[in-house]
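I would like the entire structure built from these sequences, with the hints used as guidance.
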Amino acid sequence: MLLNKRISILDFIKTIKVDIVLISSYAVVVGIFDQYGFLDKISVPIGVTAVFGTAVALLLGFRTNQAYERWWEARIIWGAIVNDSRTLVRQCVSFFKRGNDSYEALVAEMANRQIIWCYALGESLRKLPFSHRVIKYKESNKTEAFNIPNALLSEHSETLLKAKKKKMVNDFQQVQIDSTIARLCDSMGKCERIKNTVFPKAHSLLIHLIIYVFATMLPFGLSDEYLAVEIGLTIGIPIIFIAIEKNSILMQDPFENQPLDTPMTDLAETIEINIKQMIGETDVPEKKKPTDYYVL
Amino acid sequence: MLLNKRISILDFIKTIKVDIVLISSYAVVVGIFDQYGFLDKISVPIGVTAVFGTAVALLLGFRTNQAYERWWEARIIWGAIVNDSRTLVRQCVSFFKRGNDSYEALVAEMANRQIIWCYALGESLRKLPFSHRVIKYKESNKTEAFNIPNALLSEHSETLLKAKKKKMVNDFQQVQIDSTIARLCDSMGKCERIKNTVFPKAHSLLIHLIIYVFATMLPFGLSDEYLAVEIGLTIGIPIIFIAIEKNSILMQDPFENQPLDTPMTDLAETIEINIKQMIGETDVPEKKKPTDYYVL
Amino acid sequence: MLLNKRISILDFIKTIKVDIVLISSYAVVVGIFDQYGFLDKISVPIGVTAVFGTAVALLLGFRTNQAYERWWEARIIWGAIVNDSRTLVRQCVSFFKRGNDSYEALVAEMANRQIIWCYALGESLRKLPFSHRVIKYKESNKTEAFNIPNALLSEHSETLLKAKKKKMVNDFQQVQIDSTIARLCDSMGKCERIKNTVFPKAHSLLIHLIIYVFATMLPFGLSDEYLAVEIGLTIGIPIIFIAIEKNSILMQDPFENQPLDTPMTDLAETIEINIKQMIGETDVPEKKKPTDYYVL
Amino acid sequence: MLLNKRISILDFIKTIKVDIVLISSYAVVVGIFDQYGFLDKISVPIGVTAVFGTAVALLLGFRTNQAYERWWEARIIWGAIVNDSRTLVRQCVSFFKRGNDSYEALVAEMANRQIIWCYALGESLRKLPFSHRVIKYKESNKTEAFNIPNALLSEHSETLLKAKKKKMVNDFQQVQIDSTIARLCDSMGKCERIKNTVFPKAHSLLIHLIIYVFATMLPFGLSDEYLAVEIGLTIGIPIIFIAIEKNSILMQDPFENQPLDTPMTDLAETIEINIKQMIGETDVPEKKKPTDYYVL
Amino acid sequence: MLLNKRISILDFIKTIKVDIVLISSYAVVVGIFDQYGFLDKISVPIGVTAVFGTAVALLLGFRTNQAYERWWEARIIWGAIVNDSRTLVRQCVSFFKRGNDSYEALVAEMANRQIIWCYALGESLRKLPFSHRVIKYKESNKTEAFNIPNALLSEHSETLLKAKKKKMVNDFQQVQIDSTIARLCDSMGKCERIKNTVFPKAHSLLIHLIIYVFATMLPFGLSDEYLAVEIGLTIGIPIIFIAIEKNSILMQDPFENQPLDTPMTDLAETIEINIKQMIGETDVPEKKKPTDYYVL
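Protein chains in written order, with full-length UniProt numbering: chain A, 1 to 296; chain B, 1 to 296; chain C, 1 to 296; chain D, 1 to 296; chain E, 1 to 296.
Don't take every hint at face value.
Since copy identity is lost for identical chains, a pair holds within one copy or between any two.
As the list claims (entries may be wrong) - With a Cα cut of at most 27 Å, we get these calculated DSSO-like pairs of lysine-lysine:
no.: 1; residue 1: Lys287; residue 2: Lys127
no.: 2; residue 1: Lys162; residue 2: Lys246
no.: 3; residue 1: Lys138; residue 2: Lys164
no.: 4; residue 1: Lys195; residue 2: Lys276
no.: 5; residue 1: Lys288; residue 2: Lys142
no.: 6; residue 1: Lys165; residue 2: Lys142
No lab work stands behind these hints, which were simulated from the structure alone.
Set out below in structure tokens:
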């Protein structure tokens with residue numbers, strides 16, 4: 001997630017450098033040819049260019065909106081994960097019967113597994129290798145599955161079952177906690193859906209194509225008097241459209257380990273702090289200050 | 001679902017080849033007539049063409065948005081099917097009483113039927129003949145109904161009832177699992193709704209019509225100096241609009257066994273792997289690498 | 001609901017025939033006057049016409065979108081009715097205690113009443129007289145109320161109460177089935193909301209007005225050289241806008257017994273078939289093939 | 001709510017009469033000055049006016065959409081109130097134990113209070129004095145609170161508690177009815193949210209401002225040949241934009257006792273009839289035919 | 001939240017004063033240079049400027065819509081907080097067993113903590129120091145946590161547990177109240193999500209950039225005859241676009257202690273009054289009349 005500070009413009013420009021070079025070369029070449037009268041006969045009425053530009057702007061508007069909604073949906077899902085993580089632990093703390101010897105141990109088990117689950121989900125969505133603590137957990141618990149976060153939820157159910165057998169939760173409470181686990185399972189599946197569903201490729205390509213067609217038409221609709229102005233416009237306008245398009249592309253995939261990502265690691269840290277305080281642990285990590293123009 | 005790799009442009013162009021031929025012929029004919037002065041008197045002010053082009057772009061923008069939402073809704077529903085399939089099996093595993101002799105058998109029954117349900121739903125939405133394993137299940141269970149997936153959900157309830165009679169689940173747990181089955185029933189119905197509801201036909205036809213009207217008007221608003229440019233624009237711009245329209249049409253029907261489909265078979269395989277690992281089965285199939293530019 | 005086959009263009013044109021006549025007459029009259037130089041001094045810059053045309057296109061775009069959403073919402077509600085009808089019957093079949101003598105009778109009572117409810121709701125939304133079987137049910141059950149579908153839901157509750165008294169359902173199950181009935185009550189109310197809420201009239205009139213203002217301005221922005229072209233454009237463009245508007249108007253009211261309707265009768269038949277198979281009835285009606293370009 | 005009959009155009013025009021007078025005066029003055037050559041040097045290229053007009057149309061489009069959604073949300077909330085009122089009474093009728101002496105009394109108490117609640121909510125949202133029957137209820141029950149509808153919901157809970165004490169409802173049923181009351185509480189709060197949240201003022205003012213800027217620029221972009229046409233356009237186009245804006249303003253506040261309101265009184269009457277029939281009351285009021293072009 | 005009265009235009013203008021100065025200076029400089037013929041050769045066809053202006057308007061339209069939706073979502077969340085606060089207290093009042101000695105004390109404890117929670121949430125979202133009464137509560141209850149509102153919800157669960165131990169609530173009722181607390185936890189998390197998620201920075205910057213590019217191009221598309229008109233348009237149009245953009249920026253962050261905020265303090269006061277009346281407290285504070293053009 002980008003923070004509200006000076007972002008690195010350079011980083012952004014790097015992502016569209018190929019387009020910048022292509023369009024600039026074209027503009028300069030056409031501009032010079034035009035100057036020497038080679039392309040005098042070719043002229044596209046500015047009205048046609050205008051229609052096309054409007055079409056580009058419109059489709060970019062809708063596309064940006066769809067990308068924004070995908071980005072925002074990802075953020076909503078992780079917001080729900082924060083809430084349900086807290087709710088799960090609050091329910092364990094207050095539902096499990098206090099007198100029992102295993103009370104502390106079982107609550108801590110649920111709480112710690114929930115923290116691990118958040119980190120593991122973030123890492124598997126980003127296709128990163130699991131971090132040290134997730135691996136440690138996996139090894140000490142012998143968790144083996146293709147989908148680790150899903151396996152962790154099954155282990156939650158097992159712990160709950162253990163609590164039930166010790167008569168530490170009653171029937172309603174088991175079902176109520178199970179509903180919270182089901183909501184976490186839902187959120188997990190929604191993240192996977194966004195991760196695994198490629199934004200319609202043909203749609204993206206068509207928008208990219210019409211920006212380039214627009215860029216090609218543009219110089220033939222401009223007057224040829226003043227070379228610098230013509231070249232400036234021929235470069236500037238398409239680049240802005242491409243920048244807007246690129247920005248959508250970055251927003252539409254929010255789990256790719258890049259600056260515009262949903263800040264899953266950051267949120268997992270917040271969840272960790274909240275949960276540890278809820279179960280009365282004293283060794284609570286402090287929130288790190290972000291050192292970059294974004295948090296992951 | 002298209003994958004994030006080079007898509008087959010050729011396949012896409014094939015879907016609009018009739019339009020390409022029609023528009024190209026028109027452009028060439030009008031261009032040549034124009035050259036010889038037959039159509040000198042007919043001229044449509046570029047402003048009118050521009051308005052029309054803007055209207056086309058706008059209506060295409062909204063239409064693409066509606067198609068995208070339909071496509072995304074289908075994907076959301078199948079995401080929910082993934083989640084609820086996992087939740088159903090997790091609930092059976094942890095709710096059914098362990099000591100009982102039938103525990104393994106009943107859990108496996110639910111799990112396998114849920115896997116079959118996913119395949120059967122995908123196949124019946126695509127109006128394909130049922131695959132080998134679905135037919136085998138149907139025959140060994142004597143399942144007979146017009147709507148097989150619905151019948152499978154009824155069989156889920158029967159198994160649940162069996163478990164209840166053996167006192168393996170209590171009242172709450174039965175109701176909680178029943179809620180999960182009801183959500184699966186909901187998702188099934190939502191898929192059927194999208195499948196069976198034709199996108200408003202008159203609306204589609206009108207948009208198609210105005211693209212053609214625009215294509216017809218276009219050459220009369222262009223200057224006639226340079227034949228190639230005129231013909232190029234008269235062909236290029238309408239084709240782009242038609243490509244965008246075609247893409248919407250492909251997106252709006254996501255259960256048609258074509259590249260832009262919701263990848264139901266692929267998702268069913270994922271569900272199968274997850275479920276089999278959850279019930280501790282060792283013979284888990286591996287996920288196949290996609291060999292094409294899309295998965296179904 | 002329109003089917004995916006050749007729709008009757010003639011039927012659609014009939015709905016806008018008054019507008020076609022009006023606009024055509026105007027175009028011809030203005031065109032002829034123009035030809036004879038009566039209106040030479042009146043000229044509206046094409047730029048103004050263009051702004052206006054864009055405004056028309058934009059407002060039509062939003063309006064079509066709102067109409068589409070209303071139409072789609074109606075379809076979603078009926079999709080939910082299909083799902084909840086199946087869920088209700090599935091719950092009765094599996095929750096009611098089997099040993100009891102009244103089991104068959106009570107399940108059949110619920111199932112049949114649910115089928116009747118679907119037909120009755122569709123017919124009362126369309127303000128049609130009740131069909132033969134609904135009347136027969138009403139008479140044999142002495143159901144008397146202004147709102148028949150609502151009364152049928154109350155009778156569902158009564159049957160449920162009977163089952164409870166015979167100890168055929170326990171407390172949870174009663175509450176769970178009651179939730180399903182409450183969802184059906186919700187869907188019914190949502191249909192009534194769409195039926196009874198007129199699309200904002202002033203909003204519709206304003207859009208209609210600006211299309212006519214646009215049609216009036218249009219010929220004065222066109223060149224007068226070639227009469228046929230001028231008349232063609234003056235007729236064609238406004239007619240297309242009016243066709244789009246008309247189509248929205250037809251979509252926004254989905255319970256009016258016309259081709260674009262939510263296919264309530266068709267869905268009720270599907271529900272009937274599904275339900276009858278679920279309760280093991282052998283006399284299941286077959287789905288009729290649609291004979292027209294739409295189903296109701 | 002406007003009905004689907006001839007609306008009073010006059011009433012609508014009255015709401016924008018100040019704007020009509022202002023714009024007409026301006027148009028006439030500029031037109032005459034122009035005629036006498038005073039403003040010859042001032043000319044705004046029609047292209048700039050066109051951009052501006054497009055911006056106006058676009059922002060109006062979005063604004064109308066937001067107003068429409070607010071209006072439709074209000075209607076959805078009241079639709080939910082209709083459904084939950086019916087569900088509440090149906091639950092009381094079927095959950096309360098029949099044998100008990102107080103059965104009739106308690107059901108009637110809930111039903112009547114629910115009817116009163118609907119009227120009271122509508123009247124307090126419209127900031128009207130309470131109607132006769134609400135006042136009568138308040139007096140006979142000594143209900144005292146700033147927020148009367150909220151107090152009525154608390155009284156629902158008290159009645160439920162009474163039923164519980166008499167062992168007329170069990171634990172589940174109490175919780176299930178309580179959920180229905182919680183949904184009514186939700187709907188009430190949603191209405192208050194819409195009522196109390198002013199549509200962003202600065203946003204409204206900016207749109208109003210740009211319409212006026214557009215109106216100011218317009219005559220300088222038109223040709224001056226034919227005075228009547230210039231004045232006509234200068235008056236007509238801005239007035240249409242203002243009418244669209246005004247219509248949004250009327251839609252965005254749906255609880256203001258004006259024609260475009262959510263028809264709360266009308267819906268309360270429908271609820272009253274439904275509820276009275278559900279509890280078997282014979283003295284059911286008849287629905288009045290609307291006498292005006294709208295119902296409140 | 002802005003009230004429906006004369007807003008302070010001056011306050012708004014102050015927020016964009018830098019842009020106003022920049023654009024005005026530019027317009028004057030270019031205007032004067034133009035007058036003396038220095039920039040004669042540079043001319044941008046008005047068509048290109050028009051496309052660009054349309055793109056600006058479009059992207060501003062979408063951006064305003066996204067900001068509006070964020071602002072409205074914040075308002076919806078706080079509406080839900082109002083409803084669930086009332087529901088929580090209503091449930092405590094009617095579910096807790098009356099005969100018990102601690103009844104009054106426990107209900108008051110829940111009610112007061114809920115009031116404190118609302119104030120504490122508002123203050124921590126605005127990053128303000130806690131108000132006197134929140135600090136007093138924290139001190140007397142020894143509440144220590146990074147996230148105070150979350151800690152308060154945990155204390156709600158503790159009180160509920162106390163009530164359970166005294167047999168004042170049964171299992172269902174505990175679970176039902178717990179669901180209400182879970183919804184409050186959800187709303188809290190949703191607020192934090194909106195607060196902590198920066199609106200996509202790159203997206204904002206691009207829109208800001210294209211407004212400035214448009215402002216730069218604008219004077220070269222205007223005729224140079226009348227200096228005052230040229231300068232007026234060059235200043236006026238971009239300023240309006242910037243004002244619309246600024247307004248979106250203010251709307252998109254609704255918890256920043258500025259006039260367009262969600263009125264959290266005001267809503268907390270409403271909740272306080274409602275809750276105190278519900279538990280029969282006599283010392284109910286009166287709602288203050290707003291003294292400014294907004295409430296916080």
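Status of the hints after comparison with the structure:
{"no.": "1", "hint": "Lys287 - Lys127", "in the structure": "both (24 Å within a copy, 16 Å between copies)"}
{"no.": "2", "hint": "Lys162 - Lys246", "in the structure": "neither (51 Å within a copy, 56 Å between copies)"}
{"no.": "3", "hint": "Lys138 - Lys164", "in the structure": "within (24 Å within a copy, 35 Å between copies)"}
{"no.": "4", "hint": "Lys195 - Lys276", "in the structure": "between (29 Å within a copy, 23 Å between copies)"}
{"no.": "5", "hint": "Lys288 - Lys142", "in the structure": "between (31 Å within a copy, 26 Å between copies)"}
{"no.": "6", "hint": "Lys165 - Lys142", "in the structure": "within (22 Å within a copy, 35 Å between copies)"}
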